[in-house]
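Sequences and hints are given; from them, build the entire structure.
Number of protein chains: 2
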Amino acid sequence: MKINRREFLGAGLAALAVEMSVPAAAKVSPPPRRRNVLLIVSDDHGYDLGCTGGKVRTPALDALAREGVLFTDAYASVSSCSSSRATLYTGLYSHTNGMYGLSHDVHNFSLLDDVKTLPWMLKQSGYATALVGKLHVKPEALLAYDAWLEPERPLVRDVAVMGHAAGRWMREQGDKPFFLTVAYSDPHRAGDVSNFGNTRDWPEVKRERYQPSDVVIPSHLPDLPGVRADLAEYYEAVSRMDTGLAILLHELRESGHEDDTLVIYLSDNGRPFPGAKDNLYYEGIHLPLIVRAPGALKRGLRNRGMVSWIDITPTILDWTGVTPPNGYHYLPLPGRSILPILGEADPKGWDEVFATHSFHEIDQYYPTRSLRTRKYSYFLNLKPELEVPIASDVALSPSWKAITATPGAKLGKRTLDAFHHRSAEELYDLTVDPDEVVNLAGDKKYAAVLADLRRQLDSWRTKTRDPWQKGVTDPFGRAR
Amino acid sequence: MKINRREFLGAGLAALAVEMSVPAAAKVSPPPRRRNVLLIVSDDHGYDLGCTGGKVRTPALDALAREGVLFTDAYASVSSCSSSRATLYTGLYSHTNGMYGLSHDVHNFSLLDDVKTLPWMLKQSGYATALVGKLHVKPEALLAYDAWLEPERPLVRDVAVMGHAAGRWMREQGDKPFFLTVAYSDPHRAGDVSNFGNTRDWPEVKRERYQPSDVVIPSHLPDLPGVRADLAEYYEAVSRMDTGLAILLHELRESGHEDDTLVIYLSDNGRPFPGAKDNLYYEGIHLPLIVRAPGALKRGLRNRGMVSWIDITPTILDWTGVTPPNGYHYLPLPGRSILPILGEADPKGWDEVFATHSFHEIDQYYPTRSLRTRKYSYFLNLKPELEVPIASDVALSPSWKAITATPGAKLGKRTLDAFHHRSAEELYDLTVDPDEVVNLAGDKKYAAVLADLRRQLDSWRTKTRDPWQKGVTDPFGRAR
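Just so you know, the sequences run in chain order X and G.
Our numbering puts the first residue of the first sequence at 1, with every later residue one more than the last.
Our numbering puts the first residue of the second sequence at 1001, with every later residue one more than the last.
No lab work stands behind these hints: they were computed from the structure.
A hint or two may mislead.
Computed cross-link-like contacts, DSBU-like style, restricted to lysine-lysine with a CA-CA straight-line distance of at most 35 angstroms [said to hold, decoys possible]: (1) 348/X - 1444/G; (2) 401/X - 1410/G; (3) 383/X - 1123/G; (4) 470/X - 1383/G; (5) 470/X - 1401/G; (6) 1298/G - 1383/G; (7) 463/X - 55/X; (8) 298/X - 348/X; (9) 1445/G - 444/X; (10) 401/X - 1463/G; (11) 1410/G - 1123/G; (12) 445/X - 470/X; (13) 116/X - 1123/G; (14) 123/X - 1116/G; (15) 463/X - 1383/G; (16) 413/X - 1413/G; (17) 444/X - 1383/G; (18) 410/X - 1470/G; (19) 1470/G - 413/X; (20) 1401/G - 413/X.
Stretch-level coverage of chain X by chain G, calculated; a stretch enters the list once three of its residues show a Cβ under 8 angstroms from a Cβ in chain G [claimed, not checked]: (21) 53 to 66; (22) 94 to 106; (23) 389 to 402; (24) 451 to 463.
Ranges between beta-carbon positions, derived for each pair [to be verified]: (25) 1192/G - 470/X: 40 to 50 angstroms; (26) 199/X - 1459/G: 45 to 55 angstroms; (27) 331/X - 1469/G: 50 to 60 angstroms; (28) 385/X - 1192/G: 32 to 42 angstroms.
Ideal placement from N, C-alpha and C gives every residue a C-beta, glycine not left out.
Below, the structure is given as structure tokens:
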């Protein structure tokens, strides 16, 4: 059987191509091809899956992981919603692409006008593009979606209608290749009494109720009744989102595109609890990433490469064979395609990730730049004189109320004081201190390590044109 | 002679209407009417005019002041370019309209999507709208200009071409009423060796050269040779802008619209020297405002009402008889029309101005809110733990280099340390301390005064929906 699209990269996929050289009559389904992309983005889903030892029930995610590749060391490059999505959709760090903080309402951050987004680039190459659900990136025009279906609405968590809208749209595209993003509002907090949209039934969703005793206390939280109850509600929202995923993937199969669509599942930032979301520490940026690529040789693989959300756009461009426009101001994109390493458990050369945070809400300024390797994490806090703010939804949470009402309560091993007041530099030895609480930046024994990480971070900031780095902005430059 | 447009407000103008009841044959020019608007915005022009005792030569501004009304106590509501222009063009404080800092390049601040600008409102009512020169407000679409002529370019200070483009455009409008904004780049610093674009001749401009001995040292600067030389270059740029104004006003007269066009001249923020521009102290926000209204009874008046740039949009709406759309989210506009007080030297009820600063460049965060009355100025610095930044163009200036190279040099009466490190609250008694250097916020004798100003400021922040005030942003609100 002739492979008539484009070359498969990588030994594993080439092997598959050989495997597929059988008489046409023996195979009923079309060969796996590179063609469509289904990018699924959940909202505030931490590394909480059934198949990774969590107590939350996520059968659809577990199944997807069995059919594809689960990355155990994947990271967002920022733990704030709009900034993270902007990075997903541009392949640029948030301090490069203009989305320095939240885009909605009075926060009003937006992409720089000359940024070319992933959907825009795919559209230029003939792809149909659509978004189902949450956008939270501005301006809409730069995203170039043909359709925006079921836009996010407060208190609405109708995952079924999202899946069906996605299915309808996919079928409507006929022979046209498509790039579809499905962005759930779950499991983000909501303004109802459960704090997670759990105060009613949702169509086609069997409610998964959890008891406080059912939850796992993450490393960044204390074991308090209020925290347990809060996590239990969060688990229900995760399970609801998982049900939505099952509906969506069923629609994909029914559309006939299961064998020619790259499926990527990930979350925008860490779980919506103190010490995770809105922080560049491990629990803020370490997130689920599952990739199911038709034709991939390895299924059910656990891939330990340190992959970043900066790599998602290059991956999708690689899959579709689309390239950014000539002379595009922001080339080279800083990330890399992960397709070549899909079949490897321990790919070489994937051992560090960078992250960059500037704002969450407009009045929540705490710029930090970080580098995480296998052994160390290093944080440069640009304004250490400031107090670290708490995202409003987290500040209003039952967990935060419980913590602040309990004298001596800590965020796991981190005191509240240490959380709010950080040094200009933080250095952690992850082999002995995975919770990132013992700051070695002042320890002479680590001076060489610190200097090296500091230099690497500085070099990365220059390469990625960090406006917070001296000399990057020109007071007499051409107004853009 | 029947006045067939709209009612003139105010006793002075009514008197004029009576005065105009003469046989048509005795008058050759058409009666003054409310119709067109010419808004002239200079860039970084401090309160430096010949007719107010300055040594800089500004014959056109002086003539305009003789023909109209010069406000001696007029203030911007912020001393940063894009924020100030955004306020001029919306009638909203910058913490309300979204323009929290500079709009260009990586700074990337913009108006909120649901803000209706002055040109947009006028256009809805049938006005032709155009901008000549500098915009520095985003997004362009919200400004709704029919034409943008001679956009600002680095190192270009061709004031003549701006004036002629304005004249051409005005004549092209025929019978259509027009709203024209002419925004000079002068006297903003430029990236040439003179730092003010003075290294070449400009068409139709006789170069006014100044010697360091020719200048007046403003209250916020030390008397150093480097500062004098820098001010001399600034004066030349001011004079060049003044020549441009003469050309522009001549074009207005030649167009036949001198008698039906409200002319407003003002500057966006304070002079581009340390301690002025980018500060809410007096020298940062106290700026020239000259208004020439056809039909005004008093000419050459000095008006001491404390007027704010927040009043400019209401004034122009009043002049044109245009009202904001029904149900406009940001009503009521916080400012007032100054047309009713044009003929008064000491209008009652105009004795305070508010100001609000959040950012200049994206990495220059220093949020301050202020209230200035006749007697006091009060400043609330929201993040006093931060060091006060210096705008990049000012930091690169010969003045700043001279100051920082001279041990013990001060910004007038203010030490560099006091400039960079401010208290959470500042209170100054302007009757004895117009330089705003003796902070009385900790002085028990002023406790009642402080409490009163603090309360007024807080109330104003609530009314104007300051996102930096607690409780203003809603984490579960509808995404805009």
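Exercise. Which earlier hints can't be squared with this structure?
Worked result: 1, 2, 3, 6, 7, 9, 11, 16, 20, 21, 24, 25, 26 and 27
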